[in-house]
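Protein chains in written order, with the numbering used here: chain A, 13 to 176; chain B, 172 to 365; chain C, 414 to 835.
Heads up, a few of these hints could be off.
What the hints assert, rightly or not - Under the rule of at most 30 Å between Cα atoms (straight-line distance), these lysine-lysine pairs were calculated in the DSS-like manner:
1) C:K612 to B:K220
2) C:K618 to C:K711
3) C:K612 to C:K738
4) C:K649 to C:K469
5) C:K526 to A:K155
6) C:K673 to C:K711
7) B:K220 to C:K618
8) C:K612 to C:K673
9) C:K738 to C:K526
10) C:K642 to C:K809
11) C:K537 to C:K618
12) B:K220 to C:K711
To be verified - Chain A stretches covered by chain C per the calculated footprint, using a threshold of three residues with CB under 8 Å from any CB of chain C:
13) 60–68
14) 103–117
The hints are simulated quantities; they were obtained by calculation from the structure and are not laboratory data. By construction, the Cβ of each residue, glycine as well, lies at the ideal position given by its N, Cα and C atoms.
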Amino acid sequence: MAEAATLESLQDHVGDLVVSEFRGATRVVVPRELLFDALELLQRRGFDLLVDITCVDYLTYRDATDRFGLVYLLANTGTNERITLRVFLNEPDLIVPSAVPLWEGANWLEREVWDMFGITFHGHPDHRRILLPDEFTAHPLRKDYPLQGRGERHNFPRLERGEA
Amino acid sequence: MSNQTFLPENVAISKLDELANWCRKNSLWPMPFATACCGIELMATGASKHDIARFGAEVFRFSPRQCDLMIVAGRVVMKMLPVLQRIWQQMHEPKWCISMGACASTGGVFDTYCVVQGVDRFLPVDMYIPGCPPRPEQLIQSVIDLQEKIQREGTLEGREFRTEQRQEPKRSLVELPIVEDPRKLRERFAKSLA
Amino acid sequence: MATDLQSVRQRERGYLPLGSQHALDLARDDERDYIWTLNFGPQHPATHTTLRIVLKLDGERVIDALPDIGYLHSGFEKLGEHLDYNQYVTITDRMNYISPLANNVAWHNAVEKLMGIEITPRCKYLRVIVCELARISDHLLCVGAMGLDVGAFTFFLYAFYQREVLYDIFETLCGARFTNSYTRTGGLFYDATPLVIEKIRTFIKRFPATLDDMERLLYRNRIFQDRTKDVGVLAKEEATAWSATGPIARASGVTRDLRKDEPYLSYADFDFQVPCMTSGDCFARFLVRMVEMRESLKIVEQAIENLPMGPISVGIDERTALPPKEQVWQSIEGLISHFELVMTNRGFEVPNDECYDAIESPNGELGFYLVGDGSDVAYRARCRPPSFIHFALFPKLIRGHTLSDVVAVLGSLNIIAAELDR
Numbered sequence: 013m014a015e016a017a018t019l020e021s022l023q024d025h026v027g028d029l030v031v032s033e034f035r036g037a038t039r040v041v042v043p044r045e046l047l048f049d050a051l052e053l054l055q056r057r058g059f060d061l062l063v064d065i066t067c068v069d070y071l072t073y074r075d076a077t078d079r080f081g082l083v084y085l086l087a088n089t090g091t092n093e094r095i096t097l098r099v100f101l102n103e104p105d106l107i108v109p110s111a112v113p114l115w116e117g118a119n120w121l122e123r124e125v126w127d128m129f130g131i132t133f134h135g136h137p138d139h140r141r142i143l144l145p146d147e148f149t150a151h152p153l154r155k156d157y158p159l160q161g162r163g164e165r166h167n168f169p170r171l172e173r174g175e176a
Numbered sequence: 172m173s174n175q176t177f178l179p180e181n182v183a184i185s186k187l188d189e190l191a192n193w194c195r196k197n198s199l200w201p202m203p204f205a206t207a208c209c210g211i212e213l214m215a216t217g218a219s220k221h222d223i224a225r226f227g228a229e230v231f232r233f234s235p236r237q238c239d240l241m242i243v244a245g246r247v248v249m250k251m252l253p254v255l256q257r258i259w260q261q262m263h264e265p266k267w268c269i270s271m272g273a274c275a276s277t278g279g280v281f282d283t284y285c286v287v288q289g290v291d292r293f294l295p296v297d298m299y300i301p302g303c304p305p306r307p308e309q310l311i312q313s314v315i316d317l318q319e320k321i322q323r324e325g326t327l328e329g330r331e332f333r334t335e336q337r338q339e340p341k342r343s344l345v346e347l348p349i350v351e352d353p354r355k356l357r358e359r360f361a362k363s364l365a
Numbered sequence: 414m415a416t417d418l419q420s421v422r423q424r425e426r427g428y429l430p431l432g433s434q435h436a437l438d439l440a441r442d443d444e445r446d447y448i449w450t451l452n453f454g455p456q457h458p459a460t461h462t463t464l465r466i467v468l469k470l471d472g473e474r475v476i477d478a479l480p481d482i483g484y485l486h487s488g489f490e491k492l493g494e495h496l497d498y499n500q501y502v503t504i505t506d507r508m509n510y511i512s513p514l515a516n517n518v519a520w521h522n523a524v525e526k527l528m529g530i531e532i533t534p535r536c537k538y539l540r541v542i543v544c545e546l547a548r549i550s551d552h553l554l555c556v557g558a559m560g561l562d563v564g565a566f567t568f569f570l571y572a573f574y575q576r577e578v579l580y581d582i583f584e585t586l587c588g589a590r591f592t593n594s595y596t597r598t599g600g601l602f603y604d605a606t607p608l609v610i611e612k613i614r615t616f617i618k619r620f621p622a623t624l625d626d627m628e629r630l631l632y633r634n635r636i637f638q639d640r641t642k643d644v645g646v647l648a649k650e651e652a653t654a655w656s657a658t659g660p661i662a663r664a665s666g667v668t669r670d671l672r673k674d675e676p677y678l679s680y681a682d683f684d685f686q687v688p689c690m691t692s693g694d695c696f697a698r699f700l701v702r703m704v705e706m707r708e709s710l711k712i713v714e715q716a717i718e719n720l721p722m723g724p725i726s727v728g729i730d731e732r733t734a735l736p737p738k739e740q741v742w743q744s745i746e747g748l749i750s751h752f753e754l755v756m757t758n759r760g761f762e763v764p765n766d767e768c769y770d771a772i773e774s775p776n777g778e779l780g781f782y783l784v785g786d787g788s789d790v791a792y793r794a795r796c797r798p799p800s801f802i803h804f805a806l807f808p809k810l811i812r813g814h815t816l817s818d819v820v821a822v823l824g825s826l827n828i829i830a831a832e833l834d835r
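Next up, chain A with everything else stripped away, as it sits in the complex (with noise of 0.2 Å):
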């Protein structure tokens, strides 16, 4: 629940918004371009607490115009507001700017949306994979990958008795 206050100073310094509510959450999204304003904003008026950065695949949802949904979910200590942020992005320019200068805990948030997604975050630390082994060369969250995987599960040699 953001309050009006934080909505107007938004579209005042960033425009260009769409906001939203839903079951007493207040969803704005911003275009890819003024993503980091809006972030560096918001933590100026207080939100100091980033609790997530998450993504959305809609490939297959009903009435999807954009592929992936950028989510970041932010959270004033203070006054205990909550406001989701996001970015709708579409390939093949999969790149938005990092928050890790804002906040230190995005970094592995990053890192993940990048293993299970394929988003680049421009200006990140340390841009590698961190859940999946290096070797692995899909993005195993996008729809289009299948649950049971391409057979990487099983690609090792069996140990027999006496072996070793």
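Assemble the complex: chain A is given as a structure, and chains B and C must be docked to it using the hints.
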């Protein structure tokens, strides 16, 4: 007159193999390869309420060089499997493996791109324990069963590990086709019911 | 040491057995040749299952620590897109498997928020009781394992014995020791029987004595204090900058607890306090958890004494929870409701929208970001894992400390590998 009358009370006669088996089975030192929730049940089995030390598994040595029983407790992911194989290779013969829980035996609830569908595809396993997680009593029962297996089949030099049955590569059960979207599968069935 | 690993890698032919190229590069390129690299994990008694840290050491002092995770990554979030809301609760059990009931409550809170359902008062109270018992269970294991890692074995056994008592309560309530899958959309799986309430009352009476014993063992223990005081200090601003929540943030001075700041379920009805400290070291995190257990016991006591009567699941108008059998067999609405929920291709209606809901889990803020698409399978089920975010703190906390402090800091952060990797 039987031979037994000539033996004093503190002498026993047995086969060397049986003696070796008796020693080995009663001092199975586990190597707890605890990855997930089954690891907690493994810890609970080692704690005071269900005490696995009663059955000879006194010390949970975390060094593979000092263990003879590897308990794979929990799901094994493709990133972890080479580590598991390396630790298995570092253990000395004779060594046994218990695959504890549904995830280690068959992949469990996790039929996903990263979980190995059964550790026995890549390691020789002696005992499988079903359950998610298995109760500590089940783990203790499997250790008892393994002790009986060792007593029944063991040999001094470990000849039982080189038999034909032990070397046969295990085939998995029916290899399920990869379904891209299980929801479409459900729709197909729904039409057949209607 | 790095060259040995490299030749091993070449022999394995194709698969890198022991982790990232990046770690090996860091180790190799360092010009100061008194710096040596130690691989901590992923199979190690003190890494609470499958974490790996590559430590760069100068003698015993840690210069840098590079965490390498993913050794338990099981594709939970991908599974969330293929299992329906009531099936996925079994998977949430396996995330933070030390306090699975808290995860179940968090998941179904998020689902019910997305669907806009209000659950019954009895269900709210039972969920609070179960969440707080799970919190006690989690803290017992965390402090017990922390004690075990620094050498206090008796402390660990005392904690584990109480956890067995809690397992007994959970088994009487829902049939399983842990991995309970107790909640359902719109309610719970089983109601609390008088036997369970009796057992909980006995636990409330006997638990403070064990806590006193545990305190007597370690609070003023010189060795424990030396190993944990001023080790792994986290300042207040850093805690928020690194997104730390829960006991770790509270031990650094951030007075944020979702049970008080954004009350969910029926926490607003209870009188309890939230312990905080300012020093931010391992000892502070330990103390915060010990005191939180006492406060949780107070909440359970108040909830048990004031447990409201009534149904545990929402009514059949909501069309989400299975109705009780008497209604199914004796009224047409009950039968239709049962049919609608159980038959293939039916199930409950979920709005085409997204929402986030979090609870104060024993580890921190555990939230689920759900995207619904109308069917009873989530389109995206994202778990906001506190352990993952807290493990990012580890390199920062350990720099400059010695090798033996690694276990103390790791124990105080309460990293559960399944929640870390999902």
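Do the hints match the structure? See the list:
About 18 Å separates the Cα atoms of K612 of chain C and K220 of chain B, which keeps this hinted pair within 30 Å; it holds. Straight-line distance between C-alpha atoms of K618 of chain C and K711 of chain C comes to about 11 Å, which keeps the hinted pair within the 30 Å bound. Using a Cα cut-off of 30 Å, the hinted pair K612 of chain C and K738 of chain C holds, with the two alpha carbons roughly 27 Å apart. For the hint linking K649 of chain C to K469 of chain C, the alpha-carbon distance of about 27 Å falls within 30 Å, and the restraint holds.
Between the alpha carbons of K526 of chain C and K155 of chain A the distance comes to roughly 25 Å, so the proposed pair stays at or under 30 Å and holds. Among the hinted pairs, K673 of chain C with K711 of chain C is consistent with the structure: their alpha-carbon atoms are about 15 Å apart, no more than 30 Å. Our distance criterion of 30 Å between C-alpha atoms is met by K220 of chain B and K618 of chain C, whose separation comes to about 21 Å. Our distance criterion of 30 Å between C-alpha atoms is met by K612 of chain C and K673 of chain C, whose separation comes to about 28 Å.
With a C-alpha separation of about 26 Å, the suggested pairing of K738 of chain C with K526 of chain C holds against the 30 Å cut-off. Restraint check for K642 of chain C and K809 of chain C: the C-alpha separation of about 17 Å stays at or below 30 Å, so the hint holds. Restraint check: the Cα-Cα separation between K537 of chain C and K618 of chain C comes to about 23 Å, which is no more than 30 Å; the hinted pair holds. Restraint check: the Cα-Cα separation between K220 of chain B and K711 of chain C comes to about 27 Å, which is no more than 30 Å; the hinted pair holds.
Remark: the segment 60–68 of chain A is confirmed as covered by chain C, as 7 of its residues place a Cβ nearer than 8 Å to a Cβ of that chain, reaching the required three. Under the rule that three or more residues need a Cβ within less than 8 Å of chain C, the assignment of the segment 103–117 of chain A holds, with 3 such residues.
In the structure shown, no violation is registered for any of the earlier numbered hints.
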